[in-house]
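Guided by the hints, dock chains B, C and D onto chain A, whose structure is given.
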Amino acid sequence: MALTLRDLLVQGAQMALVLIVAPLLTGAVRAIKAHLVRRQGPSIFQPYRDLARLLRKEATMAENASWLFRVAPYLIFSATWIAAALVPTFAAGLVFSWAAALLAIVALLGGARFFLALAGMDVGTAFGGIGASREVMIAALAEPALIMIVFTLALIAGSTQLSTIAEFMQTPAVGLRVSLALALIALIIVAIAENSRMPIDNPATHLELTMVHEAMVLEYSARHLALIELASSLKLVAYISLIACVFLPWGIAPAASGWWELAIGAGAYVAKFSVCAVALAVFETSIAKLRVFRAPDFIGAALMLGLLAVLLRFVSQGL
Amino acid sequence: MSWPAPDFDPVPVILACPAVAAALLAIIPSYRFSAWLNVFASLITLIAASSLFTLPQHAGDYVLIDNLNIVFIALNAFVGFTTSIFSASYIGHEIEIGRLTPAYLRFYHALYQVMMFGMNLALLANNIGLMWVAIELATLTTVVMVGIYRTHEAIEAAWKYFILGSVGIALALFGTILVYMAARPIVGEGLDGMIWTVLMQHVAHFDPSLLNVAFVFLLLGYGTKVGLAPLHAWLPDAHAEGPTPISAVLSGLLLNVALYAVLRFKLLLAANAHAIAPGPLMALLGLVSVIFAAFMLYRRRDIKRFFAYSSIEHMGVIAFAFGIGGLLANFAGLLHMTMHSLTKSGIFYSVGHVAQVKGTQKIADIRGLTETHPVLGWTLVFGVVAIAGLPPTGVFMSEILIVSSTFARAPLLALQLAFGLLIAFGALMWRLTGVAFGEPTGSRAPVKASYLPMFAHLALVFAAGVFLPPVLVAWFQMVARGLG
Amino acid sequence: MHGASFDIAHLLAGALVLVSFMLLYQDRLYALLNVFALHAVVLAASVAWQAYVQDAPHLYVTVAIALVLKAGIIPIALHNMVRRMGIHREIETVGGIGATMLAGMGLVALSMMVMLRVTAGADPLAREDLAFALAVILLGLLIMVTRRNAVSQIVGFMSLENGLILAAAGANGMPLVVEISIAFSVLIALIVIGVFLFRIRERFDTVDVHALDRFRGERL
Amino acid sequence: MTASPLLALAPPPLAGSLLAIAALLALGPLAVLTFRSRLSSGLIYILAFVASVTILVAGATHLWRSDSVESLTLALGLPSLGAHFRLDALSAAFLVIVDLGAAGACIFAIGYGRHETARGRVLPFFPLFLAAMNVVVLAADAFSFLMGWEFMSLASWALVMTHHRESENARAGYIYIVMASLGTLALLFCFGLLAGSGGGYDFAAMRAHSPAPVAAASVLLMALIGAGSKAGLAPLHAWLPLAHPAAPSHVSALMSGVMTKVAVYGFIRIAFDLIGAPLWWWGLIVLLVGGLSAVLGVLFAMIQTDLKRVLAYSTIENIGFVFVGLGLALAFEANGLTAAAALAFTAAIFHAFNHSLFKSALFLGSGAVLEATGAREMDKLGGLIHRMPATALAFLMGSVAISAVPPFNGFASEWLTLQAILLSPQLHEWPLKILVPGVGAMLALAAALAAACFVRAYGVTFLGRPRSTDAADAKETDFFSLSAMLSLAVACLIVGVLPGLVMDAFAPAAQLAVGAHMPAQIHDRWLSIVPVAESRSSYNGLLVFAFALASMAATVLAIHWFASRSLRRTPAWDCGFPNPNSITQYGAGSMAQPVRRVFADFVFRAREQVDMPAPGAFEAARFRVDVRDRLWDALYAPIAGLVAFVSDKLNYLQFLTIRRYLSLVFASLIALLLALALWP
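Chains as they are written, first to last, in this note's numbering: chain A, 1 to 319; chain B, 1 to 484; chain C, 1 to 220; chain D, 1 to 680.
Keep in mind the hints are simulated off the structure, nothing from the lab. Among the hints, erroneous ones may be present.
[Unchecked claim] Okay, derived cross-link-like pairs now, SDA-like style, lysine to any residue, Cα gap no bigger than 20 Å in a straight line:
#1 Lys362(B) x Asn651(D)
#2 Lys57(A) x Asn651(D)
#3 Lys380(D) x Asn64(A)
[To be verified] Quick list of simulated restraints, FRET-style, between CB atoms:
#4 Arg56(A) x Ile46(D): 37 to 45 Å
#5 Gly41(A) x Phe602(D): 40 to 48 Å
#6 Phe602(D) x Val71(A): 35 to 43 Å
#7 Gln170(A) x Phe602(D): 39 to 47 Å
#8 Ala99(C) x Ile285(D): 32 to 40 Å
#9 Arg409(B) x Asp7(C): 47 to 55 Å
Cβ atoms here follow ideal geometry from the backbone N, Cα and C, with glycine treated the same way.
This is chain A alone, in the form it adopts within the complex (with noise of 0.2 Å):
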């Protein structure tokens, strides 16, 4: 494969987009949540301002953060950017995407997560302790479940690059499949529980003793806190980007096509994050947030589908 002029393009124009929808993602799901019920929520690019207004700030800093509270933010971020871009979103065959195969995204965003949660522990107070160990237990559980269901889209493509596995779920051969099934279930409820949605965290709050998400990065301001905040609608795009681009194959340009089929490809993408937007927006409306120790019932259900998912695909296979 040599590189060409396109595919740097296209994976360029993927780094780029991933970052730019990503507030607007975030802002969208508040809008459309504060529609819901009936509020007249910010604009869905209030998340743009926040950024903007958090960077232009002075930060501040606990007296005892060390040097690792002030890397972690770019580290988490880049972490997470990296994974984004690598999730096909418009169009498959991206260049580097076999730098990274779908595990390692995983990887990369478990990284990200690390260090988040040292982050958190950093400044020694109670919040960062709570928030970090509640994290490292819910991940502790969703990531198998992610694993699992890697495994189960491998099993069925033959491979854990995403680029492969797209342009395979785009066949016939796919056809429809329980193992599918359960691995798509199984993904959102991991997608939620990574992403600190409700019901096993709500984004919204600092009701102190419930959050997990927001009370590690409790520390953080400015510049900062920007980046974090970054990191996490990028996070929020990774997954719905995978959940599109696995399970919402179509449109999705295939490697060396044109720029006919990218547009559609973009066009596409757009659709399926409106929908997905959507939908988020409307379950975390219809549902109420879990007790912390409930939540590893709600995700061990991923783990639990994700395993059956392979071990159907284990036992099918030998058929």
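Chains B, C and D only, in chain A's frame:
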């Protein structure tokens, strides 16, 4: 060895030297001088014994020299010599602290030489009656020496030893008579019926049933001396209550001598096609001893009694190996016997000094030895590690050989043996942990120990674990082949 | 060996077994000692007969030892001891006299079974003799094991030893018989002396009455 | 490959290694003689370092040149057998693993060892321990192998007993040595079976003769018990979390990072090399045990409060990973899927290599912390990132690597293991089909929990505020210790970035073990690793690293150009209620609480007890957690109880009267006579 003239016959020296020394020592009242004389006599015996290797095999009416007993005699003389050195310093210390008075010790060295004489005689004897007499002589001498402290416990131990030993004596004698009875119709009346080499020639025609009964009695009779369970009862107390040099000699030598007797009769029986196979019986007793002693080790509170049980275990291993038989197992059994003698007497040397410096034999009262007395402590650690069968020691080698050679033939037996060894290992290391490590207790006074015997023994054990000289290997293999 | 001598030897050996049973039956110390003296006498007779039959005069030494020491000195000494040390006159048994008698029967049967398997080709005298000797030895051990008094245990050991002497004397031409019997006599003497010396009143196990309550060895 | 002239000059690797081993052995006595001198420590460690590097170079040379097998027989050890030594690709690979860790530990110890209070208890045994491990790897006959193996246990036992005054350590040493002995006996039986009745105890003879199926299965089980107990496989792991932390830290690093690899080597040597063709269900057993170890190990690591014990339990997890790889390799090999077997095998050995790097780094880091603060309890630590920045950095890199975060090496090998699992639908046997996904889930769970575990370990130890004055006054450790830790940490990164190189280096070992090796990775584009085919999966650590660096740089630049650069230090916000007391932080126990709760009943049987005083009462509320190890309760405690019971019962036999003893003799006599009488 080149220095002895070819026509020099060491046998009379081996026998006469201890006897003469015993007589001399009996009339010398000075303790110090007699200790040195004792060492000297043992050295002469050792030199004479080591020149045996140059001698051709020969068998007379009373004396036999073959490959088998040379090994035993050499080992006997060596450990007898090193123990005499140890004994000099040990007893010296006991007199210093007044635990023993010269009056008690009046005949100690004479008895020591009598015992050596008895053992050498038993090993050299070609006459099974003579062998019996010699072993009894050695046993009775040790009975007296076990009781030398004249404490209540010591006397009780000696008494127990005496009574159980006497019954053993009786059983062994009956077995000897039975062998003679079996031989009489074939080899005729008189001395011939008791000469081992003659018996060996004709044993194929002996009445097998009679031989069977004889072996049962001999096995139990001499087995009592070997300390095989369930005939072992005298052994732990005798080791624990007697002076430590005697414990060392008991474990290192007397048990071997008794085992030697059992071996001789095993050979006899094995040569008769119709008699029961003696091997399985020995292996059975050996196995029972290993497992029994292994469990017994856990509840011991007296350090010398503890190692006495370990001796039971190892005698069990050796009996097991010889019982299994075959070139490899016999070789391993011989090796194990040698290694056990060296290691166990080495351990007793250090335990003796430990008990002296700490003023107690209670395991619970001896702690952190490597801290308070590093040299003594680490020597003990090395000894226990060796006796537990860890590398790089000869015991490791022989145990591996025994287990693996058994395994090739009787896997289940090997498993049981390994089980026993593991249980014993657990006990040994547990006690070692307590004694050698942990917060130190007791006296930190420097110890006037004679390290030489310990170091010599343990160095040999170590060297054997790494490299066995081909000469020795060849010799052992020759013996092992002879043991069938 | 002709029929009559064989029968007499047989008779005497059988008598020894019978006396062993009598030893087993006793429940009084003095009676036990008396019966033991009888045991030694029967042994002496048996050995004397062997000496005569085998034409082995050295065996008369053994006879003499048996008569003088075992039938005379030792029982008398033990009598004295019992009286002087105030030992209970009754013999404590394990499992009762009846049971031990039964066990004794079993032992005799066992020794017969073991010895009669010896091929008929072997010397019949030796064979029968050995069977009886084995029975005596086993009965002696049984006495040692089932009697609690030191004195009766000594008696058991001595009767065991008598069985050995019987076997040794019956073994034609066996060397060292006399030496062995002397050695054993010394052994027994040592045991008796030991009992005196260590004031063993009741059992072999405790060498001093004052020590009954003290811990022994391991027991803490 | 072209051998450079320098390499050509070197002595043959095997002979060179043996000489170096001999030198190490000689260092033991030397240390005994000199340990009182202040210079001794440095000298011994430097010499040990030189010897380790020599062996390392020898192993690497062998691998690099793809040398043919070298053999050597010395007239030592068992007389009829001699001591056989052999250097093949497998040994060479493990020589590299062993001596890389050893070299790191030696450098660390040059500094660390200066503070050792009981030099005389460490110095003599340390080189012996190194020598023994190398002997095991090079041994080519059962006796030398077992001798090295047991000597390795012995030497490490002595090291565990260094600080013997603490009763915990003594207990740890005891359990360790007994378990080690059990393992050795199991291996002895294993070799006994392999040797067969012919009794060929050199490996060549064992290879030549393949055992019958039942015997072969027993061999495998015995090897699993023998090597597994040393490696720390559940349920034979009980000794490991006790013993590894008890030793001085550089020794802990060796035991955890290196000695467990020697155990892995032992298993590989037996199960892949000596035993012959595997059966499919062997893989099943190994997989199950491996998966179980991975999950249990990390779960217990998660709830430990002692830093070194966390690391020790985490070793169990990683060994589980390695064994899953090996189990897969066995299963693939039995199914004739050699390429897949090679993948799984490479994954296993690669993970073993990686684990030796990061676990050594982590244990050394914990040693530095222990040295600086005197505490292993995480609840006495905290905030060390300020006081010991370099140690903190090294430990962070190690934690990241062990948590399988790309681009570090832990991720590469775990990724490879998961790839191997993805190939397993090709297996034919149903039980495997059903089990493998389950094991995959276990691995995934273990990996995720490992990340959680190290967030906790690092966060509590290095971040936050100090929980004790010792932690507050800690000093950065010395130059040698730092360089050892940092080199290992950097090695983790390099290997993670260039995994292909290492995998290629291990290819000959895979060829030897499973008869195939992975396609050479070195030729792949931009040094990515492609286990099967690019369309299937690939990973490029270099690119991920470059990406991460580039995007981070871009972000930093962008932020600094466009955003405010000012920074103000203020008190912590903490939702407006900051509490200066450092115990208000989350500690080791509280960090573990969520996970503990999730797995409370199932694994830990954790009982939480809260004593809340009545309103108005003045006593403090109490919270107590009681965690039990079910395996210990189910397996070890009963055995210990049984031994105690039997010894108690038998002990009556020590106090019988003479009459009763005589009865024993009498009974034996009667029994034997009866047997004779009834003999047909």
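Verification of the supplied hints:
1. Lys362(B) x Asn651(D): holds, 17 Å
2. Lys57(A) x Asn651(D): violated, 80 Å
3. Lys380(D) x Asn64(A): holds, 18 Å
4. Arg56(A) x Ile46(D): 37 to 45 Å: violated, 56 Å
5. Gly41(A) x Phe602(D): 40 to 48 Å: holds, 43 Å
6. Phe602(D) x Val71(A): 35 to 43 Å: Holds, since Phe602(D) and Val71(A) (Cβ atoms, about 38 Å apart) stay within the stated range.
7. Gln170(A) x Phe602(D): 39 to 47 Å: holds, 42 Å
8. Ala99(C) x Ile285(D): 32 to 40 Å: violated, 56 Å
9. Arg409(B) x Asp7(C): 47 to 55 Å: holds, 51 Å
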